[in-house]
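**Student:** If you're matching them up, the sequences are chains A and B in order. First residue of the first sequence? That's 1 in this note's numbering, and the numbers climb one at a time after it. First residue of the second sequence? That's 1 in this note's numbering, and the numbers climb one at a time after it.
Since the hints were derived computationally from the structure, they do not count as laboratory data. Mixed in with the good hints, there may be bad ones.
[Said to hold, decoys possible] In silico DMTMM-like pairs for lysine to aspartate or glutamate, Cα to Cα no more than 20 Å straight-line:
no.	chain 1	residue 1	chain 2	residue 2
1	A	LYS198	B	GLU94
2	A	LYS209	B	GLU94
3	A	LYS246	B	ASP14
4	A	LYS634	B	ASP14
5	B	LYS96	A	ASP201
6	A	LYS195	B	GLU94
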Amino acid sequence: MNSIENVSRRGFLKVAGISSSAFVLGMSLPITSSQAKSSASAVNHELNFFVSIANDSMVTLVCHRSEMGQGIRTSVPQIIAEELEADWQKVTVVQAKADAKYGSQGTAGSASIRNHFTSIRQIGAVARDMLEQAAANIWQVQKNAVKAQKHFVVHNATGEKISFGELASHAAKLTTPDSKTIKLKANSDFSLIGKDVKLIDLDDIVAGKAQYAQDIQLPDMLIATIVRPPVVGGKVVSFDASEALKVKGVVDVIALKPRSIPVGINPLGGVAVLANNTWAALEGRKKLTIKWQLGDKQKHNSSEFSKQLVKKVQRKGEKVATKGDVYNHQYNENNTLEATYTVPYIHHAPMETPAATAVIHGKKCTIWAGTQNPQWAKGTVARELGLGEDEQDNIELNVTLMGGAFGRKSKADFIVEAVELAKTSKRPVKVIWSREDDIQHGYYHSISANYCKAELTEQSSADHWISRNAYPPIGWLWNPEAKVPSDNQLALGFGDIPFALNNLSIEKHAVDSFVRPGWVRSVACINNGFALGSFVDELAVKAKIPTRQMWLNLLGVDRHVDPNKNGFKYSNYNLDLTAHPIDTKRIKNLINLISDKAKVEQALPENQGWGISFLRSFGSFVAAATKVSVVNNKVTVLEMHTAVDCGIVVTPDRVKAQMEGAMVFGLSIALMGEISVKDGQVEQNNFHDYPVTRINQAPEMHVHIIESDKPPGGIGEPGVPPVAPSITNAIYHASKTRIRDLPVNKVFTV
Amino acid sequence: MIKIILNNKPVELDVDPQMPLLYALRDELQLTGTKFGCGAGQCGACTVHVNGKAMRSCVTPISAIAEQAITTIEGLADKQGNLGESAVQVAWREFKVPQCGYCQSGQMMSAAALLKAIPQPNDEQIIEHMQGNICRCGTYKRIKAAIKSAAGNTTDLAANNASPNTSPANTLPSNSLPTNNNGVEIFDARKFTHDSKGA
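The following block holds chain A by itself, in its conformation from the complex:
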């Protein structure tokens, strides 16, 4: 746990926008000996604050997590302001630079609030306590005789008030109390958490003033575009830059360092064209001639590979979890269902392609980037520049807004490219990725096959369940020998089946990797959720009962499921399983709610159908329902609902927005999302051949949020997994055509 300290007098005042601050509360990790030297410097400490209060009462709060559209730059400060008793109108937000003292800044896994809710609250609570103590000292009363209230501390007996601004310099002189001794607010006293506040970046975005990584402009800056090896692991043999250099505005052509497997989060190498403007760089790029050595990944063809994965999962795999015995059981063929589901490679395609700007002066390196993981990027850059652990302060990494990320911008490859080119060219360099670069050189959701088998029971449930999957694991990025997913990966809607089964076998397979695998919004929950949600629907059809009923029957009695009991080391998204249980009551509640709200069992016109699905992921429970029509081989999605139980809701409108966005993201995955690879090269180029959902495909949408006082779960990703199976289940009920291989547009017009 991080420690909170009063750092008012340590030279924080240089931080932009808080020059009049009197009271500054910082947070730091326990200092290890190797960090001790650098942390004594003011430069370092300047950035290490969370709360600062100026004499005029303006409160500056730091957001240490990265904004990619989820609204975290509102929600984190909102949580601090809640405990601080700050007036939201008097709060401004500063974005943290990359600094280990903030603790985790890795904005991924829908983790910002679910993993840090309490520690973020404590920061606000400690500041509030110190302001109360300062007021109590002035009035010469006990602390419990005063109370912070909307930017003032009030004397309970007299009703007298002192503003935060007046108290700031007094609070600055106090010793910071131990955060564990400060009582957090009761949920019933929340005045900001659970309310919709003014969104921090809304006005700037609407005015066109919000600054993204693509928007960085520096004097003397060059813009770089890079031709990367068409196949992962490929290298430049030779290149001819003479024609490119003739393009007006092109300044230089630079070969990037060749890179090897394991690819990690490093750049891919290639040849860069640097120019005075984007157009010149792009024109110059067209005139490059490059001879490549493609390497052995050129043998990869995704359509053949998918067939191999399907074949693989027909066979028994390596144990993930077991209960009872499925292999010495005589399956009754009439009541047994087997199905194999496939999902292709999928790409993030954020609207803002990757971009980063770097400038190097001597040992000092300054970077502007939209990154989901500022500290990981900083460490990677430090290694690139040959800086030691204690020299990381030479790197200043400014975190910009991201124009979407969805997992792509966790990786620092594009940031290292900018640093490499700034170092070589000795000028500030902004690396921009074209859309083609983005689509062809991504970190893809892995191509996969999932197999399910189960036998219906006399109670219209199922047992003797087998789940298998096979897909290139993300661990391959760092270890070329990695062939099976880690337990953390297998925990994503696979090893944590919540059903009341007596006999269960969950198995994994070893798979080779050929393109860079990555985390795409909800990660392996995409394929595992698709298989699970589809298979339950298929079981319901076979049992001739409503899909809702099959879910309820499979879930069984209300209980907390513990996958560890099946021999699976279950990580539960790094959440405590007692505080964040797999609670079948909450699942059943959602299945019933979505079915009732969407009226999924209502009689429909011919060629129309409802489909439902569910997945618990990242600590949250989400059910989805979709209505489609299938006419003349064309699927039209008519209506979608999601119901979410994510525990305590911090910013309701942003939870709703994430659910709306997840429906649209899930639509893209289900209907059209496919990256195909031929001879090791991605075949798609831009939005014409990697289509994503457009407004004409977006149906009527409804979001149902469960009111809850349970600890908060994640919200960025959990909306996605149940969407695709709800769509394909609806297609089945409308047309009797079962889609087991995504995307839908292989079979139907969308």
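With chain A's structure known, arrange chain B on it following the hints.
**Tutor:** Using the frame of chain A, we list chain B on its own:
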């Protein structure tokens, strides 16, 4: 040297006449509200107005719009000229449309052009006109709602009176503009021939 009227002010550009307007705006004029999304006229993130009509600036050479009136998100205003207060911007704030926000300049420029052509669009017209603008965050539901709300508020300067300081003689030949079936013109400059030496 190519002259354009940018957000009601004359601007001269000394650039390759083939340079798409997008890069001239962003790299030369530091107007970064207009975004790069695809470079191929497929996503709408770069949408600006040329004489009040929506245009994809990433595929529009600067030479094709010489002497024309260009409005970018930075110039979108209400009838009184209050920047940032156009009907669509007011509605975008009211409905909290943006998530990451990156595509939203283009969305708002397309929406403003729609409302100029069709002040009270129905659902089909909204969908028809807006399907060239991709939002990967999936804000479509709110975009539709915001456009309908803005349709009740017709005080836009940029949407109603696109080129107050420009000679009408310099407007583009409207008969050559591709027109979709709801009458909204979407200008794709690749379909124009132009003097590559510039105006």
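**Student:** Now tell me if each hint is right for this structure.
**Tutor:** Hint check results:
In summary, the hint linking LYS198 of chain A to GLU94 of chain B is supported, as the alpha carbons are separated by about 10 Å, within the 20 Å threshold. About 18 Å separates the Cα atoms of LYS209 of chain A and GLU94 of chain B, which keeps this hinted pair within 20 Å; it holds. Of the pairs offered as hints, the one joining LYS246 of chain A and ASP14 of chain B holds, with about 18 Å between alpha carbons and a cut-off of 20 Å not exceeded. A hinted pair counts as satisfied when its Cα atoms are at most 20 Å apart, and LYS634 of chain A with ASP14 of chain B does not qualify at roughly 50 Å.
Between the alpha carbons of LYS96 of chain B and ASP201 of chain A the distance comes to roughly 10 Å, so the proposed pair stays at or under 20 Å and holds. Restraint check: the Cα-Cα separation between LYS195 of chain A and GLU94 of chain B comes to about 16 Å, which is no more than 20 Å; the hinted pair holds.
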